[in-house]
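The residues making up each chain are set out below.
Number of protein chains: 2
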Amino acid sequence: MNAPGSTKERILSAAEALFAQRGFDGASLRQLTAAAGVNLAAVNYHFGSKEKLVEQVFRRRLDALNADRLAALANVAGKPGTTLEDVLAAYIRPALELSHEGNGALFMRVLARAFAEHDDTLRQFLSENYGHVMRQFTAEFARLLPQLSKEELYWRIDLVTGALTHAMSGFGMIQRKRDVTEQEHREQTAQHLIRFALAGLSHP
Amino acid sequence: MNAPGSTKERILSAAEALFAQRGFDGASLRQLTAAAGVNLAAVNYHFGSKEKLVEQVFRRRLDALNADRLAALANVAGKPGTTLEDVLAAYIRPALELSHEGNGALFMRVLARAFAEHDDTLRQFLSENYGHVMRQFTAEFARLLPQLSKEELYWRIDLVTGALTHAMSGFGMIQRKRDVTEQEHREQTAQHLIRFALAGLSHP
DNA sequence: GATCAGTTCAAACGATCGTTTGAGCATACG
DNA sequence: CGTATGCTCAAACGATCGTTTGAACTGATC
Chain R
1 MNAPGSTKER ILSAAEALFA QRGFDGASLR QLTAAAGVNL AAVNYHFGSK EKLVEQVFRR
61 RLDALNADRL AALANVAGKP GTTLEDVLAA YIRPALELSH EGNGALFMRV LARAFAEHDD
121 TLRQFLSENY GHVMRQFTAE FARLLPQLSK EELYWRIDLV TGALTHAMSG FGMIQRKRDV
181 TEQEHREQTA QHLIRFALAG LSHP
Chain D
1 MNAPGSTKER ILSAAEALFA QRGFDGASLR QLTAAAGVNL AAVNYHFGSK EKLVEQVFRR
61 RLDALNADRL AALANVAGKP GTTLEDVLAA YIRPALELSH EGNGALFMRV LARAFAEHDD
121 TLRQFLSENY GHVMRQFTAE FARLLPQLSK EELYWRIDLV TGALTHAMSG FGMIQRKRDV
181 TEQEHREQTA QHLIRFALAG LSHP
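Protein chains in written order, with the numbering used here: chain R, 1 to 204; chain D, 1 to 204.
FYI, nobody ran anything at the bench for these hints, they're computed from the structure. Some clues are possibly wrong.
[Unchecked claim] Stretch-level coverage of chain R by chain D, calculated; a stretch enters the list once three of its residues show a Cβ under 8 Å from a Cβ in chain D:
id	segment
1	22-32
2	106-113
3	154-167
[What the hints assert, rightly or not] Derived pair list, reagent style SDA-like, types lysine to any residue, alpha-carbon separation capped at 20 Å:
id	chain 1	residue 1	chain 2	residue 2
4	D	50	D	124
5	D	150	R	186
6	D	150	D	161
7	R	50	R	13
8	D	150	R	83
9	R	150	D	187
10	R	52	D	190
11	D	50	R	185
12	D	52	R	26
13	D	8	D	71
14	D	150	R	50
15	R	150	D	190
16	D	150	R	179
17	R	150	D	192
18	D	150	R	188
19	D	150	R	185
20	R	150	D	191
21	D	150	R	26
22	D	52	R	22
23	R	50	D	25
24	D	8	D	35
25	D	8	D	52
26	R	50	D	190
27	D	50	R	26
28	D	52	D	13
Note that beta-carbon positions come from the ideal geometry of N, C-alpha and C, so glycine has one too.
Full structure from sequences and hints, please.
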């Protein structure tokens with residue numbers, strides 16, 4: 001829709017980086033438009049307000065991420081041979097790929113901020129637009145973990161979500177070593193996350 | 001040191017609640033002092049600046065929390081009969097008790113925000129003042145999990161930390177049911193967290 | 001070349017921010 | 001009583017915030 005070098009795209013990328021670094025309140029439109037190399041009034045012209053810009057920053061990444069997740073889930077959901085690990089991979093790998101491409105890692109930090117903000121407007125937006133994704137994954141987890149009560153399953157999914165958000169947003173201390181490629185490192189990270197989540201979900 | 005109804009204490013409590021709700025930037029000194037029922041200038045008079053007020057909000061809770069954690073760890077560290085569960089309990093239970101007393105739950109949300117902020121000044125303050133606590137626990141984990149490489153252990157501790165921060169700050173959907181007491185609910189929560197962390201740390 | 005929608009621009013708007021000031025108040029000590 | 005000290009208060013400071021405005025510029029259409 002938008003050319004990659006267009007004013008809208010330049011604003012979105014600069015906003016993503018500044019929101020990750022300074023937060024939604026902390027990043028001013030003057031810093032933001034200066035970093036993007038556009039006029040101050042361009043944000044209100046193209047997006048209407050700062051709040052709607054925040055929404056678009058989320059939409060640009062989450063639409064793609066959740067489409068990838070649902071596509072991966074569709075390949076395994078409901079099938080007899082499917083393992084818990086398959087479902088976890090469908091959930092984790094798309095997020096991990098996003099966090100390793102371009103400014104994706106910055107967006108993950110924006111997402112972690114949004115979780116911490118507890119802002120009702122933003123939470124409602126996320127729930128309305130992407131809540132069905134989490135619901136589909138939860139249903140598949142329930143199918144593969146029939147021995148868990150609903151309460152127990154919710155507890156475990158909640159804790160796994162916390163661990164993943166924490167890890168994806170780059171809080172962690174783990175850095176790629178010089179002697180492994182980017183792709184190898186991503187694969188190692190995916191293995192760590194999946195095995196950890198597997199243990200947390202299915203322990204006796 | 002400070003009387004419980006003193007101006008300083010009133011400011012600290014109001015700051016804790018407002019920082020949890022609106023963030024460090026989002027909560028203004030005018031909202032804050034109005035909620036505390038004190039004059040606007042009282043913050044700068046008693047604390048010097050808004051930033052130093054933030055520091056004191058952390059100090060008031062973390063000094064007590066980490067003292068409790070270290071005391072609990074001292075009871076089990078290095079002893080032959082000690083299990084991984086004992087060490088996890090020493091780490092988790094003091095935080096859980098704090099999050100269930102008075103405004104402690106609000107402080108946990110403040111803490112989760114601080115994690116998400118990535119603010120270097122604040123991170124350095126936390127590392128300098130409370131880093132030794134995490135180091136002592138890590139050493140004890142290493143003793144009880146000798147089969148794990150240092151890298152593997154760091155990975156798992158990091159993910160467990162993410163899950164706990166997430167849970168403690170009240171992101172979770174789990175609410176206490178009407179037919180269980182507050183104390184029973186805390187005990188159930190502790191059991192969930194400890195068993196989850198146990199599985200995440202010690203899985204094969 | 002005139003017209004017009006789409007976009008960019010510098011400038012200004014009122015509001016709110018953290019901080020500072022100096023007068024006023026209280027209580028305790030000589 | 002006089003005065004020193006610790007604290008509170010209303011008011012103001014300059015800075016910065018998100019947003020709005022109206023003119024200038026762009027490129028396509030007739």
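Hint check results:
Counting residues of the segment 22-32 of chain R whose C-beta sits closer than 8 Å to any C-beta of chain D gives 3, which meets the bar of three, so the coverage hint holds. Given as covered by chain D, the segment 106-113 of chain R passes the check, having 3 residues with a CB less than 8 Å from a CB of that chain where 3 are the minimum. Counting residues of the segment 154-167 of chain R whose beta carbon lies closer than 8 Å to any beta carbon of chain D gives 13, which reaches the threshold of three, so the coverage claim holds. Note on residue 50 (chain D) and residue 124 (chain D): the hinted pairing holds, with a Cα-Cα distance of about 17 Å set against a maximum of 20 Å.
Among the hinted pairs, residue 150 (chain D) with residue 186 (chain R) is consistent with the structure: their alpha-carbon atoms are about 19 Å apart, no more than 20 Å. As the CA atoms of residue 150 (chain D) and residue 161 (chain D) are separated by approximately 16 Å, the hinted pair is consistent with the 20 Å bound. Restraint check for residue 50 (chain R) and residue 13 (chain R): the C-alpha separation of about 14 Å stays at or below 20 Å, so the hint holds. Under the criterion of a C-alpha separation no larger than 20 Å, the hint pairing residue 150 (chain D) with residue 83 (chain R) is inconsistent with the structure, at around 29 Å.
This hinted pair checks out: residue 150 (chain R) and residue 187 (chain D) have alpha carbons roughly 19 Å apart, not beyond 20 Å. In summary, the hint linking residue 52 (chain R) to residue 190 (chain D) is not supported, as the alpha carbons are separated by about 40 Å, beyond the 20 Å threshold. Proposed proximity of residue 50 (chain D) and residue 185 (chain R) is contradicted: the alpha carbons are some 41 Å apart, above 20 Å. Proximity of residue 52 (chain D) to residue 26 (chain R) is assessed by CA-CA distance (about 18 Å); at most 20 Å being required, the pair is judged to hold.
About 28 Å separates the Cα atoms of residue 8 (chain D) and residue 71 (chain D), which puts this hinted pair outside 20 Å; it is violated. Distance restraint check for residue 150 (chain D) and residue 50 (chain R): the Cα-Cα separation of roughly 45 Å exceeds the 20 Å cut-off, and the hinted pair is therefore not satisfied. Restraint check for residue 150 (chain R) and residue 190 (chain D): satisfied, since their Cα atoms lie roughly 18 Å apart, inside the 20 Å limit. Restraint check: the Cα-Cα separation between residue 150 (chain D) and residue 179 (chain R) comes to about 18 Å, which is no more than 20 Å; the hinted pair holds.
Straight-line distance between C-alpha atoms of residue 150 (chain R) and residue 192 (chain D) comes to about 14 Å, which keeps the hinted pair within the 20 Å bound. A C-alpha spacing of about 15 Å is found between residue 150 (chain D) and residue 188 (chain R), which places the hinted pair at or below 20 Å, so the restraint holds. Between residue 150 (chain D) and residue 185 (chain R), the direct Cα distance comes to roughly 17 Å. Compliance with the 20 Å bound is thereby established for this hinted pair. For a cut-off of 20 Å, the pair hint linking residue 150 (chain R) to residue 191 (chain D) stands: about 17 Å separates their Cα positions.
For the hint linking residue 150 (chain D) to residue 26 (chain R), the alpha-carbon distance of about 37 Å lies beyond 20 Å, and the restraint is violated. Distance hint between residue 52 (chain D) and residue 22 (chain R) is fulfilled; the C-alpha atoms sit about 19 Å from each other, no more than 20 Å. For a cut-off of 20 Å, the pair hint linking residue 50 (chain R) to residue 25 (chain D) stands: about 16 Å separates their Cα positions. Restraint check: the Cα-Cα separation between residue 8 (chain D) and residue 35 (chain D) comes to about 13 Å, which is no more than 20 Å; the hinted pair holds.
For a cut-off of 20 Å, the pair hint linking residue 8 (chain D) to residue 52 (chain D) stands: about 13 Å separates their Cα positions. A C-alpha spacing of about 41 Å is found between residue 50 (chain R) and residue 190 (chain D), which places the hinted pair above 20 Å, so the restraint is violated. Taken as a hint, the residue 50 (chain D) and residue 26 (chain R) pair is honoured in the structure, with Cα atoms around 15 Å apart against an allowance of 20 Å. For the proposed pair residue 52 (chain D) and residue 13 (chain D), the alpha carbon gap of about 15 Å is at most 20 Å, so the pair holds.
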